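**Q** The lines below spell out each chain.
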Amino acid sequence: MDLAQITYLVVGCSFALYIVIAIWARADSTQEFYVAGGGINPVANGMATAADWMSAASFISMAGLIGMSYNGYGGSVFLMGWTGGYVILAMLVAPYLRKYGKFTVPEFIGDRYYSDAARVVAVLCLVLCSVTYVIGQMKGIGVAFSRFLETDYETGLYTGMVIVFFYAVLGGMKGITYTQIAQYVVLITAYTVPAIFISLQLTGNPIPQLGLGSTLQGGDTYLLDKLDQILLDTGFKEYTTTLRYSTLNMVAFTASLMIGTAGLPHVIIRFFTVPKASDARRSAGWALVFIAILYTTAPAVAAMARLNIMQTIEPAPNAPMTIADRPEWFKTWEQTGLLAIEDKNGDGKLQYRANPTENELVTLDNDILVLANPEIARLPNWVIALVAAGGLAAALSTAAGLLLAISSAISHDLLKRTFMPSISERGELNASRGAMALAVFGAGYLGLNPPGFAAGTVALAFGLAASSIFPALVMGIFSTRITREGAIAGMLCGLGVTLFYVFQHKGIMFVSDWRYLTDWGERWFFGIEPNAFGCVGALVNFSVAYLVSRITQAPPDPIQRLVEEIRLP
Amino acid sequence: MTPLTPAQRAAYWQRNRNLMMKLMVIWFLVSFIFGILLVDQLNLIRWGGYKLGFWFAQQGSIYVFIALIFYYVRAMRKLDKEFGLDAE
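So the protein sequences, as listed, match chains E and P. Reading the first sequence from the start, the letters are residues 1 to 569 in the numbering used here. Reading the second sequence from the start, the letters are residues 1001 to 1088 in the numbering used here.
If you're looking for bench data, these hints aren't it; they were derived computationally from the structure. None of the values given here were measured: they were computed from a predicted structure. Be a bit skeptical, because a hint or two may be false.
[Claimed, not checked] Listed below are the simulated SDA-like cross-link pairs for lysine to any residue, each with C-alpha atoms no more than 20 Å apart in a straight line: (1) E:Lys344 / E:Glu360; (2) E:Lys276 / P:Lys1022; (3) E:Lys331 / E:Leu3; (4) E:Lys276 / P:Phe1070; (5) E:Lys276 / P:Lys1078; (6) E:Lys349 / E:Glu328; (7) E:Lys99 / P:Ala1075; (8) E:Lys276 / P:Tyr1012; (9) P:Lys1081 / E:Lys102; (10) E:Lys331 / E:Pro317; (11) E:Lys99 / P:Arg1074; (12) P:Lys1078 / E:Arg567; (13) E:Lys276 / P:Leu1044; (14) E:Lys226 / P:Leu1044; (15) E:Lys99 / P:Lys1081; (16) P:Lys1022 / P:Leu1079; (17) E:Lys276 / P:Glu1082; (18) E:Lys99 / P:Lys1078; (19) P:Lys1078 / P:Leu1004; (20) P:Lys1078 / E:Leu568; (21) E:Lys102 / E:Phe478; (22) P:Lys1078 / P:Arg1015; (23) E:Lys331 / E:Pro380; (24) E:Lys99 / P:Gln1014; (25) P:Lys1081 / P:Met1024; (26) P:Lys1081 / E:Leu568; (27) E:Lys99 / P:Met1020.
Take these sequences, add in the hints, and give me the full structure.
**A** This is the structure in structure tokens:
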């Protein structure tokens, strides 16, 4: 069998599995549709949460970001940020919202702040951040299909939509939970198998986390020292120490990703599916265990693949490879445009240098690191097929979780709780299916016609979750004194400040022509890049909410009792 | 389960908050302090092929995060039992 056939087979089998699960796990009530009946085992939910959380970006892009753009140490912001958020989630958010025992995040905000306006503001924040996020997943599905299965982008996207439609509309949270568990198994296998092979090849140690700290095969040079040396020799900066802009920027970036993680609605609602508050804590712990398997492997993949690439291009110092003899994978990925070379000095050799005027590897996309990793390390074809199935599993599972968050906010918070309180259980279930179908088509449409802001999804989604939703939740739990007016003002100010800053630098909705106040230039507030600004927005939110609450009338007694009630298990 | 008196509720919440505070200090220490602010100093120490600061930033902090959550789960289970809140 050739590579294409094996890939079709592996991807086809994984899809068949998701469909079988969808048919088996249909939802028959709104309780099942929104929170899978509330009876999911905490360990199983931890696994589903891990798949829900790890998106196409974690699977395909993160190792490349760490290894290439962020040059090693700088990429630590993703590793600490996207895992440290779970500590906050487990202690400050998940158990209390589970105790409250309702279906959605805006529902809690609306009830705690005794206000439909707060509920609608929360729905707005949720839809904004989930929609930007889901576009990235839809694009990931299309790209994975077109690269691995050689279909065109549209066919790939339609196939993905049909699969998601099937289990999300039929099964709601129940169907999504069980498919996510299967998807986790697929994606973690696909991520770790190539990593184990490469770690073995380079260091002789099969555990990538240990291999990263080991010596290279047949010598006593440590892998990281060797990588540092090669990078310095070719004019790059040292791998293990290079900051992302500045220390303060790294602190802000890490903090923004942490609190953004703890405020993302599609992650929080996963904890509504376990039986009780103590299970929510345990489930967050397991989720982090399952996530950490990938997140501690990723830095090893990053460093090892970077070393492999550097050594392929320049096997010995100042003896670069001849361009005509370049390996097959070079040519394959040149066709996709992710890789491009240009023999600037006409010597027939490939010089890969930090200096842009000498550098002849003119394009090297971050995603190459994971996508081409098996080929670079000359692994068998079935491993490449597995990577394709894993990338698709990561994108599909996150897309489904986001779509559920969007559709339940529409059918439950807007319809049932705000505009049509008299709707029946059956009616609401049908409405939630309809909202889900609409959300799938909407996301598909945006995936086909990606707007200018698709590139900025991470910045926007995390910025919004950190600056609007997270502070409202935490203050709602930890203070009885925060009022309706305070919360709404806080959310709007946090959101406003973050959007203002991000859009000033990147353009409104990331359309670069729509930049404003351009004569301000690229002047960063204390050197904090726009992607890292969510934590500043959160500080604004906290301060405004506190001040406004001090001058407005205290929340009514039933609300204060509600807050005290959710603090008990 | 007998309902708690207001004083017991306050005590329960106080104990929970103290516990969280302690664990959040460790959380802050391993990520922001060890992984970012003191990284240069820690990098002078080697751990096999790893510089220690780099290790905290890319590996160690994550392992500590996991340990923190499971410690919190266990401590809260004990606290719930002490206040008779575990039976359901």
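**Q** Which numbered hints turn out to be false for this structure?
**A** Violated hints (numbers, rising): 2, 9, 10, 13, 25; every other hint is consistent with the structure.
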